[in-house]
Each structure stands twice: as structure tokens, then as C-alpha cells.
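Using the hints, position chain B against chain A.
2 protein chains.
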Amino acid sequence: MSILLLAASLQAASPAAPAPAPAPAPASAAPAAGDALPEDWVTIPDDELLVFTLRGGGTVTVRLAAPYAPVHVANIRRLAAARWWDQGASVYRVQDNYVAQWGDATEKKPLPAGLVTPPPAEYDQPATGAGVAARLARRDPYAEGAGYSRDGWPLAGSGARQWVPHCYAMVGVARDLAPDTGSGAELYTVIGHAPRALDRNIAIVGRVVDGIERLSVLPRGTGELGFYKTEGERLPIVSARLASELPAAERPHFQYRRTDNARFRAWVASRENRAGPFFTVPAGGAEICAALPPVRRAP
Amino acid sequence: MSILLLAASLQAASPAAPAPAPAPAPASAAPAAGDALPEDWVTIPDDELLVFTLRGGGTVTVRLAAPYAPVHVANIRRLAAARWWDQGASVYRVQDNYVAQWGDATEKKPLPAGLVTPPPAEYDQPATGAGVAARLARRDPYAEGAGYSRDGWPLAGSGARQWVPHCYAMVGVARDLAPDTGSGAELYTVIGHAPRALDRNIAIVGRVVDGIERLSVLPRGTGELGFYKTEGERLPIVSARLASELPAAERPHFQYRRTDNARFRAWVASRENRAGPFFTVPAGGAEICAALPPVRRAP
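Quick mapping for you: the protein sequence lines, in order, are chains A and B.
Just so you know, we're using the UniProt record's numbering here: the first sequence kicks off at 1 and counts up by one.
Just so you know, we're using the UniProt record's numbering here: the second sequence kicks off at 1 and counts up by one.
So that you can see chain A by itself, here it is in the shape it has in the complex:
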């Protein structure tokens, strides 16, 4: 038994990680039907990337999902422009197999002017919106169907409504009991199995495209629900900036993969029926959070 061979086999089975690029195939290998061509990668605009810098210098980069929660995302951009997260904000809750949550643990910091509070409940939207470019073969347990938007987001949908599902690394807006919708100041990301029951009950505003492991490895809070019991346990946030606010030389660049072509549909089919020397039984289906659309750092 070779662990390294095992590992290489499992790699093919792993869900696409949010950030790392797939290793390019050797020039001698024939491309697979689901491989991306260079023109399949679309650069994410600078004002769609929100970069949180944590104490110690590590960063967590979020692609904002403006088309799916426009008022919440507008609030988030205003909070960043006002430097709201730059003083006193922290990661203050980490619950195993659930979420890491950040913002103002004291709940006392005033919000900047210009925010819409409360925002409307942007938990889903008409399915006539951004458009679904590819679909999964099987029914979704939480929706009539699931697939991929033209702008590189996972989508679930039932009837005439669609929404971005609560997958690993998705970013949502913490809120109180309904009808509260949250402001956008308190955010969380999923660090465990997708808590899809939250779909349509909370606003999804983005996806961590780089640095999720800076949150997923944090000590779990020993307070109720994973809250840190003491201020000293909290991980301070140093700053939050849209990439467009950073000096050009410091801007990170990420790309999503186009979903509206046969190569992407072949990629989806390859996730639904894994092949190769490791797998003996292809599933015939996949769940959307185990087949997230690829995002990579721009080469």
C-alpha cells in the first residue's frame, strides 16, 4: 500500500477547493472533456473582492455575491469604505462543523451612515434572474434542482425562485429572529458540512475564495454555540478592504470558471460519475456543495 498513491487517488475525489487552481495537465497528456481552456477563466472584478486581514497578517478573501443580495452587499461595501471592521472587530465565534463568525462582539459599535437597516429579506430571488447555465442530474434534497449560474455561483431552485446554497466557505449575514435580516456587519462562513436548512432563511452575500483555512483551523469556542468566552480568545480583524481600494500592486486577483459551455457540463458530469483507477462505483449524481464551481487565483 502506498499512502502517496492513495492520496493522489483521493485528490481526484476531493471537492474542488475554493481557491487552489487545478494542477495543469502535463503537455503530453490528452485533455479530458471536462478540462478548462484558458478562455474559460473569467477574472473577478476588483470591487467584488473583499479582503479581510487578520492579526498576524493572514488574509481571507471573499467574492461578494451582489446579484443575489444587492442591498446587503451594498451595506457591506459601505462598511468597508467606512473602515468599520478596522477597529475592534474580531472573529468571536467558531463552532465545530458549523460556522466561524466575525464582526463586533460587543454589539455596541455604531454603524456608519448610509446603511439600509434593515435590508429586505434577500434570501432568494426570481429564477428569471442570473440564469442557470448548467444543472446537476439529480434532485437536490433542499430544492427541486441545483446547478450553476452564468457568473460562477452555485444555485438551488424550486418553482420560480432560486438562491445561493449554504455550502462550505459561503458567507452569510448573521441575524436575529425573523423578520430581522441583519445589517451585514456581522458575518459568518460555513466551516463544516453544509447547513442547507439555512437556505432561504438567511442572506448569502459571498464565498471565501482564499484563506478559508485561516478560519477553519481556529480553536472552537468553549462557550455556548462556539462563542469565545474571553476577549483574549478572539482573533482581531486588522482591516477589511475591497480589492479596488488597495494599491494596484497589493490587489489579489481571482478567476471563476465559465459555466456556459460543453466543457463545464462535462466537468459536472465528471463530478457525478468519478472515473479513474481509484473508483469502482460511480454515483450517478452529486450534491451541489460537493461540486462547487471552480475558482482559482489568476495565473
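Do not rely on the hints blindly, as some may be mistaken.
Partner residues aside, some chain A positions facing chain B, computed with beta carbon under 7 Å [to be verified]:
1. Trp-41
2. Asp-96
3. Arg-139
4. Tyr-168
5. Leu-177
6. His-193
7. Ala-194
8. Arg-200
9. Ser-216
10. Ala-275
11. Phe-278
12. Thr-280
13. Val-281
14. Glu-287
15. Cys-289
Now the stretches of chain B that chain A is said to cover, found in silico as 3 or more residues with beta-carbon under 8 Å [claimed, not checked]:
16. 42 to 55
17. 216 to 225
Chain B residues, not near chain A, derived (Cβ > 12 Å throughout) [as the list claims (entries may be wrong)]:
18. Ala-36
19. Pro-38
20. Arg-78
21. Ala-178
22. Leu-198
23. Arg-200
24. Gln-255
25. Ala-262
26. Asn-273
Just so you know, the hints here were simulated from the structure itself, not pulled from any lab data.
Keep in mind that this is a model prediction, so the values were computed, not measured.
Idealized CB from N, CA, C, for every residue including glycine.
Using the frame of chain A, we list chain B on its own:
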């Protein structure tokens, strides 16, 4: 907005954690239809619990799934009896949103006598086996259906076959390319979104019922596939013992919830349609890995 209220709301939405007991309802509150009665909790036999002690004294306790992979589990019991993991074994791979893996990183340690190598491919079994006591309402993306065994395990099934799905905290046997099946010496547990494409392609031998957060917070390996690059990064395993091998005073005790009654079926329904002041849209369904059967420390 109250973060604490928010948190309490999200708790109701969180997948059942592997180990913690649900908080008992106040005496004044009427029990919900899905609440367990004291007689619903079944104590797991001592020889079904395998306790790994890590450097520093933390433990990770695995409930072994002997009915679902009998030869692999027999190997694991022999490995523990031979103290195979007590010298030189470690957690040597941690890949974000995927697995933590442990055993002998050198691949050179001889296996004890008496192991069946290779074991048969115990990746699924006839559905006439342990019996399904409760079912989820909707189709599973990886199987025709999913539900709960009489002995407290999640199950997926298609046609005449059933298997334990690759959910968070499930323990599998690392292996090389098919037809290799692994020996049981190299194990992993899921620390991210369920990689269900592995279902029916690898042997599931247990579930971490306590201490998963001791693995899920470990630094992600910076080598390929999350392997630690240096020996110093590995987390040594001090010992692995069946609870039945421990002095009575040191044995941990865990219980699974009975699945073969109306109270459990009501609990399943409550996972499929979340209620309460937080949720505005119940899903009408749930995915098996987001509705794992409850396990708790014996009170």
C-alpha cells in the same frame, strides 16, 4: 440585533454534533414530538468504542461499525490489541474541507499477525442487513434513498444494497488504487463537507463520537493533498484502546438514540422542516449528513 439571540436561533439549525447531548428542556416546557425519552438512549458496548489518545492527552473516540465492515473492524480490533498505533503512529495528513488521516506515515511498520490482508471490499452490503428504521422524505443525490439503521447509523441505499455514507466525522480506511482495500491501519475522518463520491468506493468503519474538534482544528498540511511536509508537524498518537481494554474507571460511555419509534421519526421530520421563530421557509427535506442520528455521552 442580539448576537446571542441569533446564536440561539442558529443552534436549532445546526446539524447534530457527534457528541454533545441536547440540552434538556426546562421542566416547565412541553416536550416536542421529536424529543427523546430516557429509554430512547442505548448504551454503546465497550468493545465498540476505540479511544485514540493524542500527544497532550486529548482523546478521539470512535464508535466502530462492525456490522457494516466486519473484516476491517476485526483488523482494527487486532491492531489495537497489538498496540500497533502506540509507537510511531501519528496524524500525518490534514486537508482542508476533506480529511484528517492517521497511522504510520513511514508505511514501513510491520502489521501484527492475524490480520486479514487484504480484507474484502466491504464498501456496501445487502440491504436486507441491519434494517432501516426511519427514512428521509426526499431522494438522496448519491442513492435512491437514505435513512437510519436500527443500531443508530445513517444509511444510504440503492436497489438491494445499503452503506454508511461518508458524512462529517465518519471514519474510513485509507487505501491504494482498486482493488486494494486497505488494512485498517491507516484511517481518516471527514472534517469538511461530506465527500459522498467516496461512498461504495472505500470502507467506512466508524464514526467519531467525541473529540472530532481535536482533529478538525489541526493545521492544514502544506504538502500536496494536505500531507505534513516534516515529521515535526505530525501529531503523535500515544495509544489506541478499545474501551473494554481500559480500566473500568477510565472507560468513556456513549449512547445512541433509538431510531425505531415515532419520536425519532418526528425528530427526522423536524430536521426536514425547521420551525421556530428563526426560520421562515422550511425546506421540506434534509440530506442525511445534515441530519446525523444523535449520539451523546452517557449521563
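Going through the hints against the structure:
With its C-beta approaching chain B no nearer than about 22 Å, Trp-41(A) sits outside the 7 Å limit, and its interface hint is violated. About 4 Å separates the beta-carbon of Asp-96(A) from the nearest beta-carbon of chain B, less than 7 Å, and the hint is met. The criterion of a C-beta within 7 Å of any C-beta in chain B is met by Arg-139(A), whose closest approach is roughly 5 Å, and the hint holds. Interface restraint check for Tyr-168(A): the shortest CB-CB distance to chain B comes to about 4 Å, inside 7 Å, so the restraint holds.
Given the 7 Å rule on beta carbons, the hint for Leu-177(A) holds: about 4 Å separates it from the nearest Cβ of chain B. A least Cβ separation of about 4 Å between His-193(A) and chain B falls short of the 7 Å threshold, and the interface hint therefore holds. The closest approach between the C-beta of Ala-194(A) and any C-beta of chain B is roughly 6 Å, which is under the 7 Å cut-off, so the hint is satisfied. Against a cut-off of 7 Å between C-beta atoms, the interface hint on Arg-200(A) holds, since the closest Cβ of chain B lies about 4 Å away.
The closest approach between the C-beta of Ser-216(A) and any C-beta of chain B is roughly 6 Å, which is under the 7 Å cut-off, so the hint is satisfied. Checking Ala-275(A) against chain B: minimum C-beta separation of about 11 Å lies over 7 Å; hint violated. Taking 7 Å as the C-beta contact cut-off toward chain B, the hint placing Phe-278(A) at the interface holds, the least distance being around 6 Å. Interface hint status for Thr-280(A): upheld, as the beta-carbon distance to the closest one in chain B is roughly 5 Å, under 7 Å.
Interface restraint check: Val-281(A) against chain B, minimum CB-CB distance 4 Å, threshold 7 Å, status holds. Restraint check, Glu-287(A) versus chain B: the minimum CB separation of about 4 Å is within 7 Å; hint holds. For the restraint placing Cys-289(A) at the interface with chain B, the shortest Cβ-Cβ distance is roughly 5 Å, inside the 7 Å limit, so the hint holds. Here's how the segment 42 to 55 of chain B fares: 0 of its residues keep a CB closer than 8 Å to some CB of chain A, so the rule of at least three is not met and the hint is violated.
Using a Cβ-Cβ cut-off of 8 Å, 7 residues of the segment 216 to 225 of chain B lie near chain A, which meets the minimum of three, so the contact claim holds. In this structure Ala-36(B) is separated from chain A by more than 12 Å, as the shortest Cβ-Cβ distance comes to about 20 Å. No beta-carbon of chain A is positioned within 12 Å of the beta-carbon of Pro-38(B); the least distance is around 24 Å. With a least beta-carbon separation of about 17 Å from chain A, Arg-78(B) lies farther than 12 Å from that chain, consistent with its non-interface assignment.
A cut-off of 12 Å between C-beta atoms contradicts the statement that Ala-178(B) is not in contact with chain A; the least separation is 5 Å. With a least beta-carbon separation of about 6 Å from chain A, Leu-198(B) fails to lie farther than 12 Å from that chain, contradicting its non-interface assignment. Listed as a non-interface residue, Arg-200(B) fails to keep its Cβ farther than 12 Å from every Cβ of chain A; the least gap is roughly 4 Å. Non-interface status of Gln-255(B) relative to chain A is upheld: no Cβ of that chain comes within 12 Å, the nearest being about 20 Å off.
Annotated as non-interface, Ala-262(B) keeps its C-beta farther than 12 Å from every C-beta of chain A; the closest such distance is 22 Å. Separation of Asn-273(B) from chain A is inadequate, the least Cβ-Cβ distance of about 9 Å not exceeding the 12 Å criterion.
When the structure is compared with the earlier hints, violations turn up for hints 1, 10, 16, 21, 22, 23, 26 and for no others.
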